[in-house]
Amino acid sequence: MSIQIILDKCVGCTLCVKVCPFGAITMENKLAVIDLHKCTLCGACVPACKFKAILLEKAQEKTVKTDLSSYKGVWVFIEQKKGKIQSISFELLGKARELAAKLNTSVSAVFLGNQIEIETQELIFCGADTVYLVEAPQLANYQDEPYTSVLIKLINKYKPEIVLCGATSIGRSLISRVAVKINAGLTADCTGLDIDPEKKLLLQTRPAFGGNIMATIITPNHRPQMATVRHKVMPQPQPDKHRKGKVIKESFHNDELISRTTLLDIVEEVETLINLSEADIIVSGGRGMGGPEYFKILHDFAEVLGGAVGSSRAAVDSGWMPYSHQVGQTGRTVSPKIYFACGISGQIQHLVGMQSSKIIVAINKDPDAPIFKVATYGIVGDLFEIIPALTKKFKEALNR
Amino acid sequence: MDYLLTEEQKMIRDLARKIAVEKIAPVAAKYDQSEEFPWPELKIIADADLFGLFIPEEYDGMGISVLNLCIATEELARACGGIAVCYAASALGTFPIILFGNDEQKKKYLPDIAKGKKIAAFGLTEPEAGSDAAAIKTTARKEGNHYVLNGTKHFITNGGEAQVYTVVVMTDKTKGPRGASAFIVDKGTPGFTFGKKEEKLGIRASATQELIFTDCKIPKENLLSREGMGFIVTMKTFDMSRPGVAAQAVGIAQGSLDAAVKYSKERHQFGKSISSFQGIQWMLADMATQIEASRALVYTVARMVDAGIKDVGKDSAMAKMFASDTAMKVTTDAVQIFGGYGYMREYPAEKYMRDAKITQIYEGTNQIQRNIIALQLIKETAK
Amino acid sequence: MNIIVCIKQVPETTEVRINPETNTLIREGVKSIINPFDMYAIEEAVRLKEKSNGKVTVITMGPPQAESALREAISMGVDEAILVSDRAFAGSDTWATSYTLSCAIRKIGAFDIIICGKQASDGDTAQVGPGISMHLDIPQVTYVKKIEEVKDKTVRVERMTEEGFDIVETPLPVLFTVVKEINEPRLPSLKGMMRAKQAKIVNWSAKDIEALPECIGLKGSPTNVVKIFTPTPRSGGQMLKGDTQEIVQKLVQELKSEIN
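Chains as they are written, first to last, in the working numbering: chain V, 1 to 400; chain E, 1 to 383; chain H, 1 to 260.
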């Protein structure tokens, strides 16, 4: 694999310099030069060159060690906490059905836990043709090592071509280990998943550089093709109570379920009980709130809407809200149906964490605040007047 | 403008700027309101080794350099004139020990000051001895192995908060200025208490408090140099510290200019940013030029001091006077550019203006500086 | 206690802007910084060292320019720095990156704790930390928000979850990925900066770390980027004007159907 500039063809137009996402191309003596330390061989420059002066030689297809065609089916790792299936898993089942239809194959759910069989029906209703059920006391709560070892063994046994997993704290910790061990390709935080109609490959599209660019990624020579997806990116399917499927129980020896780490306790913090990532409506406050005591009007508003309260980094750094409520690059990434940004100016780090929300309502007294550039509805005004009025009006309108 | 700083000086500037931007700027308004002493911020400055900039290496410092001290002070003042003066006043209180202390005194005090474990203060001014320092009334009477101090110092920066005080008092009133001597007094010495903490117009993060000596007995080892050297200690100390006050003024002015430029680009009137109006542009241009001229003067004097050039009195007076007058003018203009918002506490402009005023007053009012400059001029031409 | 910190040099994303005409990233003048999450890893390592009299080694895989990130780590109190750099690493995905770093860690030798930031701010994958622990076959605890207790052979930590946190005890050696909550990174000190300026940075190539050629760079990466494009930027919507009552009325009308 190599990349080079064909010097005879390069006219020094700098088009390639501009499209390189990694800043790897510079001009020297009016000719393009590629810094191979920075170049990731992504190929963005090749079509940009109008003079066909960039030659990217793809590596010869590796001698394929594994028979790719023996891998069939789309799998979803089902995440459960205290036996309750997390909403992300249903969202993934919906997507898995769509992909399976294009591949003319089936959808399976991998479900690990303890005394969880009762929940398997729900997985079938939401799109699973098969549920691989593994029950053991050691699997009651998520632990890296036993979960990794079970999943690896199941994948090796049944050879799925695609494995999807939530980009949650559990999912990210688990699936990265699995992918390394079985030599699979893994793409994090996909916002788009599709099937290449010709090659039947999984097209995984994800944001990079804080959402400033998008990349589509494939895993050509390794199986399974693995991807994680964030909450709320895929729509949740409507359960179909008539759907049928089968449950295959798998059992493991105790020595296959050993964990070197010990989970001593699970602590739920009252303030984080409403999981920001799962909330449909988020009311967030920023520096414009002026102090911790004023967040009460946001709590009241969120309660009426059945939503959660979020916060910008400025409000967290000022000690007005706990870190667990922070939305943005160093906090949580959310994409609710409605996001209210109250007194939040809209620094890029905040926008990165919420700009995929369906509707954004921004309330700020500064008409030049950058938040208005992404807002579906912008209101220039005093939030201390507007929020209570909205709370009252929604209360009436929603009969709450 | 390029001041041809060394790698080390650039390092100091960048580090002080980082502290100013990340740690001080966010809390400047809070301290301005609460008037609390900024110990957490001084700890950050200490952990960064910046208190070592005015302490010799053999006493755990980074080596004395007035220019380095000026660079650090300027950057800190850009974010908060009050916090910057807490830092610079520790240098002021330490210079007498560095310049005139013996090895025991230096060993005892300097390493802790270099590490920021202790901060220092300089006590000269009295209620009736401001610009007229010869009118000092506080006395030190020798009693065997001790001196006994009586009297009151006021307007002492870092007063009440500092652990180490260098004070100038009269050991022999009959000799006038030649009867003054300098001593080191530790906080906590019996008979050494603090009076009221002043409420100030600006630099409100800094503490300004009275030092009260009532039969305060200190060991004779705490005398700096010899009896009668008090005024020489004071003059030499000010030669070292004046560029620092000037640097503080440059920092305050620069901070207000930064804020004014930013605001002028964001503020729209008549459909355009106000920075597109020539009236505003000319103000900004004048402000920037005056600041640069001050900085050039300050750095030059600081370099002279570091090079060991004697008789920098006139030059350092020029730097202090010009930089502080510039700070007052620039910060006033910055408030003007901010318009009505400039008058409001919610915006940063008015604080810079309040912080700037003191630089025209302390460590010799600008009128005294003019006296120094003029006297020297006349002397030079008389030769 | 021997601690290894893995860091990455990233462009300061806050400064990354899109050229509206060409729809491409403007990279001129964009500063390179240590991945913000790795700053917490460095700080935690230095704190552990200060308590236990250990040694902290920082390691990065990247171009020669990444040396400046290593020097910054030294200025914060890290003892040794290793730059793993080779043209053969170009095009590495998270599989190949975690493999490469694990090879370098094996070469370093005995260690007790590896600390990584939870993810890098440019890629946001959070995959390299867990990948390293798997390549080295050691336990991991991700999203650590507090190291509660360090004993001779075990460490007890708090792992942040969506609902709160888990308390986990782990034997050594172990790999942690840490979140912002764990500490407030210190600023460098002048003495540290001067030490950093003079410090010798160890340079390792693919051959030095005995990495298998088929496992590094593009060859060792199961995933390939096939397309890079700029998302259509979210455009602003409408500004609601009028008095408070009018605005509220309008908004409730627009949003009511979205709320169930």
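Please note that the accuracy of each hint is not assured.
[Said to hold, decoys possible] With a straight-line Cα cutoff of 30 Å, these simulated DSS-like cross-link-like pairs (lysine-lysine) come out:
id : chain 1 : residue 1 : chain 2 : residue 2
1  : V       : Lys-392   : H       : Lys-145
2  : H       : Lys-256   : V       : Lys-153
3  : E       : Lys-173   : E       : Lys-265
4  : H       : Lys-219   : V       : Lys-84
[To be verified] Pulled a few chain H residues facing chain E out of the computed Cβ check, cut under 7 Å:
id : residue
5  : Val-30
6  : Lys-31
7  : Ile-33
8  : Met-193
[Unchecked claim] On the chain H side, residues computed to face chain E include the following (Cβ under 7 Å):
id : residue
9  : Leu-48
10 : Lys-51
11 : Leu-187
12 : Gln-238
Since the hints were derived computationally from the structure, they do not count as laboratory data. Because the structure is a prediction, the values reported are computed rather than measured. Built from N, CA and C at the ideal position, the CB exists for glycine as well.
Evaluated hints:
1. V:Lys-392 <-> H:Lys-145: The hint is violated at about 39 Å.
2. H:Lys-256 <-> V:Lys-153: violated, 48 Å
3. E:Lys-173 <-> E:Lys-265: Not OK: Lys-173 (chain E) and Lys-265 (chain E) at ~60 Å, beyond 30 Å, violated.
4. H:Lys-219 <-> V:Lys-84: Status violated; Cα separation ~41 Å.
5. Val-30: Hint on Val-30 (chain H): violated, closest Cβ of chain E at ~18 Å, above 7 Å.
6. Lys-31: The hint is violated - Lys-31 (chain H) has no Cβ within 7 Å of chain E, the shortest such distance being about 12 Å.
7. Ile-33: With a minimum Cβ separation of about 12 Å from chain E (threshold 7 Å), the hint on Ile-33 (chain H) is violated.
8. Met-193: Result: holds, 5 Å to nearest chain E Cβ.
9. Leu-48: violated, 18 Å
10. Lys-51: Hint on Lys-51 (chain H): violated, closest Cβ of chain E at ~17 Å, above 7 Å.
11. Leu-187: holds, 6 Å
12. Gln-238: This interface hint is violated because 20 Å lies over the 7 Å limit.
In summary, the numbered hints that this structure violates are 1, 2, 3, 4, 5, 6, 7, 9, 10, 12.
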